[in-house]
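Trainee: Can you make the complete structure from the sequences, with help from the hints?
Given next are the chains, with one letter for each unit.
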Amino acid sequence: MTKSLINGSRPPVFCPGCAHERVVGALDKAFQHMGFKGEEIVIVSDIGCSGLFDTFFHTHALHGLHGRALTYATGIKLARPDLHVVVTMGDGGLGIGGAHLLSTCRRNIGLTLLVLNNFNYGMTGGQCSSTTPPDAQVGSGFLNRLEKPVDVCRVAGAAGAAHLRRISAYDANLADAMEAAIHFDGFALLDIWGVCPGRYTRRNKLSPKAIAASLEAQPPVGHFREENNREEYGRHYRREAADQEPAPPPRAIAACHAPVTHERREVVFLGSAGQRIVTAGELLCLAAASAGLHASQKNDYPITVLRGHSISEVILSKNTIGFTGFDHPSVVAALASEGVSRRTKMLAALPEDTLVLCAAGLDLPPCRGRVITFDFKAAGIREPDWALAALVLMAQREAAISKSMLQTALDLRFQGKVRELAAAVMEKVVTSDVV
Amino acid sequence: MALTLMEGNEAIAWGALAAGCRFFAGYPITPATTVYNAMLKHLPPQGGICLQGEDEIASIGFCLGASMAGWKAMTATSGPGISLYSEQISFAVGSEIPIVIVDVQRLGPSTGSATKGADGDIQFLQWGNSGGLPVIVLAPVDIKDCIVLTMQAFNLAETYRCPVFLAANKEISMTRETVDLEAIVLPDVVDRRTAAADEDFRPFGTSGGRRVPDFLPIGAARPVRQTSSTHGPDGYITTDADLIARNQDRLQRKITTEAERFAYFEEDTMPEGDTLVITYGVTARAARAAVEALRAEGRAIGLLVLKTLWPVPEALLREKTAGYDRILVVEMNLGQYVREIQRALPGRDIRFLGQMNGELIKPARIREELTP
Numbered sequence: 012m013t014k015s016l017i018n019g020s021r022p023p024v025f026c027p028g029c030a031h032e033r034v035v036g037a038l039d040k041a042f043q044h045m046g047f048k049g050e051e052i053v054i055v056s057d058i059g060c061s062g063l064f065d066t067f068f069h070t071h072a073l074h075g076l077h078g079r080a081l082t083y084a085t086g087i088k089l090a091r092p093d094l095h096v097v098v099t100m101g102d103g104g105l106g107i108g109g110a111h112l113l114s115t116c117r118r119n120i121g122l123t124l125l126v127l128n129n130f131n132y133g134m135t136g137g138q139c140s141s142t143t144p145p146d147a148q149v150g151s152g153f154l155n156r157l158e159k160p161v162d163v164c165r166v167a168g169a170a171g172a173a174h175l176r177r178i179s180a181y182d183a184n185l186a187d188a189m190e191a192a193i194h195f196d197g198f199a200l201l202d203i204w205g206v207c208p209g210r211y212t213r214r215n216k217l218s219p220k221a222i223a224a225s226l227e228a229q230p231p232v233g234h235f236r237e238e239n240n241r242e243e244y245g246r247h248y249r250r251e252a253a254d255q256e257p258a259p260p261p262r263a264i265a266a267c268h269a270p271v272t273h274e275r276r277e278v279v280f281l282g283s284a285g286q287r288i289v290t291a292g293e294l295l296c297l298a299a300a301s302a303g304l305h306a307s308q309k310n311d312y313p314i315t316v317l318r319g320h321s322i323s324e325v326i327l328s329k330n331t332i333g334f335t336g337f338d339h340p341s342v343v344a345a346l347a348s349e350g351v352s353r354r355t356k357m358l359a360a361l362p363e364d365t366l367v368l369c370a371a372g373l374d375l376p377p378c379r380g381r382v383i384t385f386d387f388k389a390a391g392i393r394e395p396d397w398a399l400a401a402l403v404l405m406a407q408r409e410a411a412i413s414k415s416m417l418q419t420a421l422d423l424r425f426q427g428k429v430r431e432l433a434a435a436v437m438e439k440v441v442t443s444d445v446v
Numbered sequence: 039m040a041l042t043l044m045e046g047n048e049a050i051a052w053g054a055l056a057a058g059c060r061f062f063a064g065y066p067i068t069p070a071t072t073v074y075n076a077m078l079k080h081l082p083p084q085g086g087i088c089l090q091g092e093d094e095i096a097s098i099g100f101c102l103g104a105s106m107a108g109w110k111a112m113t114a115t116s117g118p119g120i121s122l123y124s125e126q127i128s129f130a131v132g133s134e135i136p137i138v139i140v141d142v143q144r145l146g147p148s149t150g151s152a153t154k155g156a157d158g159d160i161q162f163l164q165w166g167n168s169g170g171l172p173v174i175v176l177a178p179v180d181i182k183d184c185i186v187l188t189m190q191a192f193n194l195a196e197t198y199r200c201p202v203f204l205a206a207n208k209e210i211s212m213t214r215e216t217v218d219l220e221a222i223v224l225p226d227v228v229d230r231r232t233a234a235a236d237e238d239f240r241p242f243g244t245s246g247g248r249r250v251p252d253f254l255p256i257g258a259a260r261p262v263r264q265t266s267s268t269h270g271p272d273g274y275i276t277t278d279a280d281l282i283a284r285n286q287d288r289l290q291r292k293i294t295t296e297a298e299r300f301a302y303f304e305e306d307t308m309p310e311g312d313t314l315v316i317t318y319g320v321t322a323r324a325a326r327a328a329v330e331a332l333r334a335e336g337r338a339i340g341l342l343v344l345k346t347l348w349p350v351p352e353a354l355l356r357e358k359t360a361g362y363d364r365i366l367v368v369e370m371n372l373g374q375y376v377r378e379i380q381r382a383l384p385g386r387d388i389r390f391l392g393q394m395n396g397e398l399i400k401p402a403r404i405r406e407e408l409t410p
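These protein sequence lines map, in sequence, to chains D and C.
For the first sequence, our numbering assigns the number 12 to the initial residue and increments by one for each residue that follows.
For the second sequence, our numbering assigns the number 39 to the initial residue and increments by one for each residue that follows.
The hints are simulated quantities; they were obtained by calculation from the structure and are not laboratory data.
Small disclaimer: the values here were computed from a predicted structure and weren't measured.
Everything hinted at is true.
Here are the simulated BS3-like cross-link-like pairs (lysine-lysine), alpha carbons at most 30 Å apart as the crow flies: (1) C:Lys400 with C:Lys154; (2) C:Lys182 with D:Lys329; (3) D:Lys428 with C:Lys79.
Computed footprint of chain C on chain D, listed as stretches where at least three residues anywhere in the stretch have a Cβ under 8 Å from a Cβ of chain C: (4) 100–114; (5) 260–267; (6) 310–323.
All C-beta atoms in this analysis are idealised placements derived from N, C-alpha and C, irrespective of residue type, glycine included.
Mentor: In C-alpha cells, the structure reads:
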C-alpha cells in the first residue's frame, strides 16, 4: 500500500451524484493497493467529463484531443514500456475514436482503457453517443432511435482485445477490477457503466440497481481472454526489432571508369508498368556515378501498379544537376506505346542527332533522330528486361555510358541470382544479330 | 569525390537519423511513403520505433506521445494527411510538443494527383490549424537540403518546442540524385533544454527572459503534466484572462522574435539590378538555370532562394530586395507566398509567375517572364 495519489488542491468538479466521482475513488484505491508511485503512472485522458480525470491525481498526465487518447498513450507506452498507462475515455471518445480503439485492440498494447460509459454526451448537452439506448430521451431529438448502440466489449473482443469486463461504477469490486486490468500484460478494457445526473437521468430512469440488472443481462465476454491471448505488442515489437538486420549506410560510389563523354546527356525511357523502367533509370544513374558523373532521375507513372505508362528521365552531367526536366533528349528508349503516347510533343521535336532505340513492333510516331529498331522478342528477351536490354544497346554504342560503366552499375544494384540473370540479358543483346 | 545516389525522401530519413530521431509513425501515402519505408528499415534495428498508424491522426498522435516521453519524433505525409493532422498540429503548437512534420506536397486540392508535384500547401501549413499561432516551415531544394534542413527542423523543434514542417515536393522527394555526402557540412545536433533537478518544475513555466519552457519527459522522476486545454504555467486549465493573454503572446513571440536566427536562404545577387527573382523549393532549380542564362547575356537579374518560409523572413526580404527595380516571385501554385512578399514589401513592384498543372515550371518560362 502507498498513500493516496489524489491531488488535494484540485477539488471535485463533477455534478453531485455523478458516477465519475466513484471511479476516481476506485482508481486511487487501485493505485494505492498496487503500491504505485505517481511518477510510475501516466493518466491519458480524453475529452469531456472523463477528460478531467488527469487533474485529480498526482501522476504524469496527458490530456489531448477528443477520441485520440489511445494514440498518445500508444506513443508513450512504446517509448516508456516501464510506465503504467491508464486511459480514461467516455462513450463519446469511444465513438469518435473508434478506429483507434479497434487498432489498439488488434495491437494488444499494454494500456488500460477505462470507458466511463454514461450513455450520452454530458458536457455538450446530453446528445446521443455510440452507446445510447434507442428508447432514451436525449438532446439529439429522435436521432438515437435510428441507431443501434454499440457493445464496446464485444466489439473490442472481436477486434482482438483479451482482457474485457463490463462493470458498474457502483460495484464494490470496481477497484479490484481496475487492479486486474492494470496488471494484465496486454490491452485491457473496462466498460464502466454509470449515471450522468447532469443530463441523462434528468429525462431517463437509470439507477445503480437498474445498471446492475442490465449488466447481468449482457452476453458474456470472458471467452475473449482465451481467444485473444497473445504477447503484448511492445514486447513483441522489441523482439522482432532485435532480429532485424541493421540497414547499411548510404553507399558512396567511387569513380572507377572514364566517362564516354564530358557532354551532358539526357536519356528518357518511354515504357509501361512492369518493364522495370525505374530500375533501368537507377542503373543508368549508378553507371554515371561509376564514371564520376552526376546524375538525376525523375520518374513519371500513374498510381496503378502493373498497368499504365512508366517514364524515367535521367540526366548525366559532369556538373551538379539543377533543373531535372528536359525537352530534347540525347537518347530515347521507346519500349511501349503507353510511354510513347505520353511524350508525343517531345518526340515531334527531337533533335536530329538523338539516338532512338525502338522496340520492334512499336508504333513510333514520325520523328527525327537516328532510329534503331531492336526486336527484343526475337532476341529471346522477356518484356520485363527490355529496359535493361536498352541500356546494353546504349552501352554498345557508347551513348551516355560504356559497357564497363553498365557492368559496375549492375554489380552495385544486383547480387547473386539476379545479377546472373542481368548478365544473361546483356549476353543476349551482345550476341544478337536481330536489329 | 565519391557520389551517392539517393532520392529526397531517403535523404530526409538520413537527416532525421543524424538529428537523433528515434520515433517515426506514418500512414502510407504517395509521394511520402518512401520516408516511412526508410525509417522502417533503420529505426527498429537501432532500438527506435517505427509505426504505421491506422490513419494519419493516429500516426501523429503516436509521435506526440513519444515526444512527450522525451524522444525525437517525426511523421511524413502529403496534403490529404496534413488535413487530417490539423487538430494534432494545433495540439503541438499550443502545448509546445516538439515534432517534425514532413509534407511531401502533391498536386491538390483534395485527393488531387498522387504522383504529381506542386507547392500548393504553403499557406495551409501555416494556417491549417486552429488558433492562428506561428509555426516554422522549411523548404528543401535538393538532396543536400533534405538532409540539412531536416536536421535543422529537428533542432528548431527542440529549441522552440513547436512543430516544424519540411515543405518538400514530389519532384524533390521522389527524384533520385547523386550527392557528395562527404562535402555536406552537417549542423550540430540540438536537444531540448531540460529542467534542472533542483528547481521547481512548472510544465509551461519560463524564467530568466526565456520564452520556451524547460522540458521534462512524461516518465521523469517528477510528475509531468501535458494538456491541450488553455493552461497556465502549472499545466492546469485556467480562465484567468491575463494569464491566457501572456501565454498566447509568449507562444507567438517565442517564434516571431527569433525568426531572423533561422531565416535560411541562398542567394545569387548583386548590389543593384533590374529584377530579383524570389522562389523556393524545387522551382529554385529552374530559376537558377534561368537567372544564370540571363546573367550570361549581361542582364542584371538576381536570385533569392528562401529556405525558411514561415515565419516570413521580413527583414531579410527588405535587405535583399533593396537594390532592385522589381521582384518576380515564382512558385508552383497559383499565388500563395507572393502574398507574404507583397505584405512584407508594400509599395514595391512585385510580379508573379505560377503554375499548377503537375509539371515543373521550366527555366524557359521564367526567362520569358524576365524578358522585356
